[in-house]
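Letter by letter, the chains look like this.
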Amino acid sequence: MNGVAGGLVAQLLLAVLAVVVAVTTTGHRRNLLAGTACAALAAAGAVTGGLALAGRQGAVEVPTTLPFSPLVLSPDRLGGLFILVAGVVGVAASVYAIGYVHGASASRSQWSALAVFLLGMQLVPAAGDAITFLLAWELMAAASTVLVLADQTRSPAAREAALWYAIMTHLSMVAILAGFAVLAGQTGGTGFRVLANADPTSPAVSVAFGLLVLGFASKAGLVPLHVWLPRAHPEAPSHASALMSAVMVKMGVYGALLVALRLLPGGPTWWAVLLMGLGGASALYGILQAAVATDIKRLLAYSTSENVGLMFLALGTALLLRGYHVPGAASVALISCLLFVVNHAAFKATLFLGAGAILHATGERDLDRLGGLVHRMPWTGASFGVAAMGAAALPVTGAFVAEWALLQALIHGVRPGDQVVAVTVPLALAVIALTAGLALLTFVKAYGIAFLARPRSDAAAGAHEVPTTMRVAMGAGAIAVVALGVVPGPVAAVLARSLGIAGAQPIGLAGLELTGMGALLDPLSLTILGLLIGAPALLYVVVLARRHPREVAAPGWGCGGIRVSPRMQYTATSYAEPLMRVFDDALQPTRDVEVTTVADSRYMAARVEYRQRVDDVVEVRAYAPLVAAANRLADRARGIQNGSIHRYLAFSFAALVVVLLAVVR
Amino acid sequence: MTTAILATQLLALTTGVLLVTSVLLVWQRSLASAVRVLAVQGGALALLVVAIGLTEGDAELFVVAVVVLALKAIAIPLVLARAIRSSGVEREDKPLLNPTAGLVIVALLTTLAYLVSTPIVAATGGTGAGEAGPAAFSAPVGLTMVLVGFLLLTTRRRALSQVVGFLVLDNGIATVGFLTAAGVPLVVELGVSLDVLLVALILAVLSGRMGALIGQDPVSMMTELRD
Amino acid sequence: MSLSALVRLIRRTGRIAEPAPSDPPATPLPIPALRGSAQIRHVDAGSCNGCEIEVGAAFGPVYDAERYGAKLVASPRHADVVLVTGVVTRNMAEPLRLTVGATPQPRLVIALGDCARNCGALRGGYGVVGAVGDVVPVDLEVPGCPPEPEAIVEALRRVTGR
Amino acid sequence: MNAAETAATLLVLLLQVTVMTALAPVVAGITRQARARVEGRAGAGVFQPWRDLRKLVTKRPIHAAGTSWVTRVGPFMLLASSFLIAALIPLVSAAPLPLVPDDLFVVVSVLLLGTVALALLGLDAGSAFGGMGSSRHMMIAALVEPTVLMAVYALSIPVGSSTLSLIVANRRDDPASIASPAGVLGVVALAVVVLAETGRLPVDNPSTHLELTMVHEAMILETSARDLAQVELGSWLRLTVLLGLVGNLVVPWGVATDATPAAVAIGIVAIVVKIGILAAVLGAAEVGLAKLRLFRVPELLAGSFVLAFLAVAASYLVA
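Chains as they are written, first to last, in my numbering: chain R, 1 to 665; chain D, 1 to 227; chain V, 1 to 162; chain C, 1 to 319.
The set of hints was computed from the structure by calculation and includes no laboratory data. The beta carbon of each residue, even a glycine, is placed where N, CA and C say it ideally should be. Some clues are possibly wrong.
What the hints assert, rightly or not - A few chain V positions that, by computed beta-carbon distances, are all more than 10 Å from chain C: (1) G36; (2) A57; (3) D64; (4) E66; (5) G127.
Stated by the list, open to error - Distance ranges between label pairs, derived from CB positions: (6) R/E619 x C/A65: 39 to 45 Å; (7) V/P25 x C/S207: 26 to 32 Å; (8) C/P261 x R/L539: 24 to 30 Å; (9) C/F295 x R/V207: 42 to 48 Å; (10) R/L427 x C/T257: 35 to 41 Å; (11) C/N2 x R/G516: 21 to 27 Å.
To be verified - Only some residues are given here: those of chain V computed to face chain C with a beta carbon under 7 Å: (12) I10; (13) P24; (14) A74.
Generate coordinates for the entire structure from the input sequences, incorporating the hints supplied.
Given below as structure tokens:
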């Protein structure tokens, strides 16, 4: 029994322990103990993942009473990477939760669900066969549904969100199940090694690919299967939404990687184009919605579907380039995909934890009612700011490196003559560029409106810094965001090894060189150069500051106006308004203006009320009809049952007869 | 040898100008400048013919070039300019498609055109600029112009700017024609160009009349012209 | 007007600005900081707009005060000189104080025109708080009702010393 | 590349930054002077911006109560990002540092650092104008991004690398590529982007006094004294460097390829001349331009995006 196997077993035991602790203890002790147990569980996962990533083999076989072969847990290097990510984020989230949870979110069920959720996420990448994969997947899905329901007693929105989430996640489950079933039918086995024998050119396998991508895409929150994201993430408690967004969604990416690289390599071109299309669409749509969102957690949720979109885009590009025999660029695209995975885990977890801190301190999620928090919550402000830089892919964060690598892959990926490539690659570049620009706006808005300027509500004015455990978790996240960006070379090398490909190697001061395309990026040297050049100016500025100290004027400059109130500031809504107008056709906001005039003249307005809401176009156009149809069907189905016991017995009797007939034949 | 290089450079330049002028026509709203751009496009077309003449080395094409210059760069623009002055409509206000979307669509149309015409390009020798024949440059460009012409025809309200669209369309056809058929017979080309001139005249007059009859002439209002 | 017509007009017009009247003034103001450059924020504290017209003329092409390093700016935070015209009315007293307070040190306040210096024709009028000097400290006064552009330019040259 | 050469390159880069910093206010002066002359005015002379800076640094900054670290650090962040770009872009010499190549993508994102600093600065004071400017600024920045990357792409195709010095060198060695449709379109698109990025007409009016039409000015309404000096110098430096880039792409001759004093001297003279001419042309041309309505700006950017896209298509599917 070696390290990996030991780690896997330890996870199972720690999960049981965590549940027991959560159920038996009470009050603040529960938060402390259960939180610690969850952190230990996650840490075990991190260690296991690290070992697997380092190449250690190890398997655990769990015999089952089911008529299947025993469940196999044997993570490969790639799985190890995802387990590591899940574990590290899990530790941060658990520590954060100790200080964060209160009321409903501190209940027995919530803590137990958290433990099970962590376990599920750490087992999915460890699965060695389809059955285990699906079981772990279901564990993850069910536990997260419970977490979304945390606030259900008080908020109907939470109940609705949980409903959407449960339906979507189980549809995805069904799709994945069907996909694996088709593959199993083709190959006659459920182990991944066996499934890998399927012939990717046969139509049946293409169907399986479609089903699997459908399932994984809906878990990954890709447009148009993203509708659960902007509902579930805001309603779940923040440590849960951090886990869901930073890790669980990645399991969809892991599934796609598993299918595209390990199970069905060398598929037809349209697979790659499909992935690129899905990715590009959700990248654009997600960031567009994020840019105009005012609920901070909704904003983050949409930005998640943007980032996952970029990951799928990178994966699709890699497959495409592989198909056209540009191995160098293909592997760089793959590496950038994994770089996105890792960095997104870092900054998105930090952002959600930060949003949770804001919620904890002000009880507000609406950016329009926040402001000036940087003075009252310096720690949160700092970590959120750093993470926001990461989300905007600015240097020197890891996301910037990932984006840079992807762009390099695109630039070097084209040989004149391959039509498909010559068309898709420029389009992909355009999509990525627009996405990057909008992401910049989105996160300048998120940080600038929430933390800078003057408070827009009493809640924001009365904010306070959050407990230590939360600060520690957020700070660690922020450090990770920068660290990943400062030493991209080793990171990328590890990622490349986890895929068993070449294409990236460290250079200079932990810089990254993309071998075969003469492109290199050394953020540390860049920073040093910047400091070197900026130093004299900085020195001069400091001297000036000593000689001519600042003075503070009471109000900001309002054209000499005397009554300058915080309500005159730009809000998140107004900040995104120009963009809203530019993309009016895509977003289709509903605006209505209500003018109430004074009694004696209808030309003098007493008050003007302006309302504007942006609904999710996809949801309104695509899902609303479906939901309506489902309801009609349900109404009709109600006709069948009238409560008479005889009729129900008749139903089961008929069913029995039918089954018997089927058996006889 | 040097003439070959010169011809290639000329081809690259003229096709580039044709492409950009078509984009500009989608870009701006002012009819007067649209006509000016159209004139430039005509000139570029004439130059293109010259370049082909250099590569093919037949003198007949130079005559065609002169004719094209006279008609497309001078005559038709003049006619249109007068029509605009008489109609008093100088802007294409609120086209059915806002310019931003139109421009993005043009980008996609261009890609499509290049895709479709790759076989032709391949047929006329390689995809590299060095050995590519004239068709390699202008077949896709011509196709793009045809598509852009249709775009203008379908999305513009003013009759005159639709005339412009029609002329772009014709220029595109001419471009493709010159190249793929390595020079249409002189007579045919002359006939076509004269027809176009005729059409331009008639449309100009008509739009003038329409202007006189129903003030502004949004073509979308002309739904009564059935059977 | 089409671009070509504009170009033709420009060529026809040529240089409008008159040659600089004289050498820099003998008695520049003793603020070395503002030597060579002075950004000006203009405040109309309750003027009849006569002075505004003259200020406009002073910064127009003919007198071109900008050539001496003076420049009108949008925000007092950017300004060194607050150029006040007209008597200070009740509603403008506080804004005037705020504007001067919003101007970083070292700064100058110029009272432009007789109204600004001593209420001029509007002395004792309804809603008049007083001259500029009664509200904020004034460093330089420019007489005249309204003062001629030359006078304004001269004052500005004393500030910039050019 | 051994240590000595690296040191030499570094030295040249520092020299380049110094020259550009000294030149930046003069460039602003040139544009204003050219404008003044075309308008028939005498103008304040090309060194007026320097006088303004000299005065600004000796004043006492004022800022509103409740402003945060952004107000104190933001201006310097902008300035520092401009310095870094001035070092990265091959202006005087086309010999990149071994570990810090002048990758165009990196250059763009360093530019964005400055953009973000300015946008946050606008928001921090909590005044209506600042927020307005910041919001418009970020919208334009967001829409510029696709165009600039597409232009970068178009320029990088012939070279097969996004490294600027290689692109410049390639254009110098193969002048035909400058006149080629792809080359021309790419540079035109880039030029439009430069106008948008540096807040010149027709995207933004650098000399407006009306708050409601402001973009860049509105963000810095609250900034004073040395903070203002840093912001202004940073923006001018940005303009100067980007003009220099366009200049070197259109006329790639005179750029030093090695660190010999003679070559460097020639390089300095060449780049100063190029930038000076471009600045004068810019200033004079702006007289004939009016500011676009904010919601017409996307049309302009879409247009230049299409140009860049055509450049890409042309270079793939034909040449």
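Outcome of the hint check:
1. G36: Non-interface label fails for V/G36: nearest chain C Cβ at 4 Å, not farther than 10 Å.
2. A57: Given that every Cβ of chain C is farther than 10 Å from that of V/A57, nearest at about 13 Å, it holds.
3. D64: At roughly 5 Å from the nearest Cβ of chain C, V/D64 sits no farther out than 10 Å, so the non-interface label is violated.
4. E66: Since the minimum Cβ distance to chain C is about 5 Å, V/E66 lies within 10 Å and the statement is violated.
5. G127: holds (27 Å)
6. R/E619 x C/A65: 39 to 45 Å: holds (44 Å)
7. V/P25 x C/S207: 26 to 32 Å: holds (27 Å)
8. C/P261 x R/L539: 24 to 30 Å: Holds, since C/P261 and R/L539 (Cβ atoms, about 28 Å apart) stay within the stated range.
9. C/F295 x R/V207: 42 to 48 Å: The hint (42 to 48 Å, Cβ to Cβ) holds, given that C/F295 and R/V207 are roughly 47 Å apart.
10. R/L427 x C/T257: 35 to 41 Å: Hint holds: Cβ distance 37 Å, inside 35 to 41 Å.
11. C/N2 x R/G516: 21 to 27 Å: With a Cβ separation near 25 Å, C/N2 and R/G516 satisfy 21 to 27 Å, so the hint holds.
12. I10: Because about 6 Å separates V/I10 from the closest Cβ in chain C, which is inside the 7 Å limit, the hint holds.
13. P24: With Cβ-Cβ at 14 Å, over 7 Å, it is violated.
14. A74: This interface hint holds because 5 Å falls under the 7 Å limit.
Going through the hint list in order, the structure does not satisfy hints 1, 3, 4, 13.
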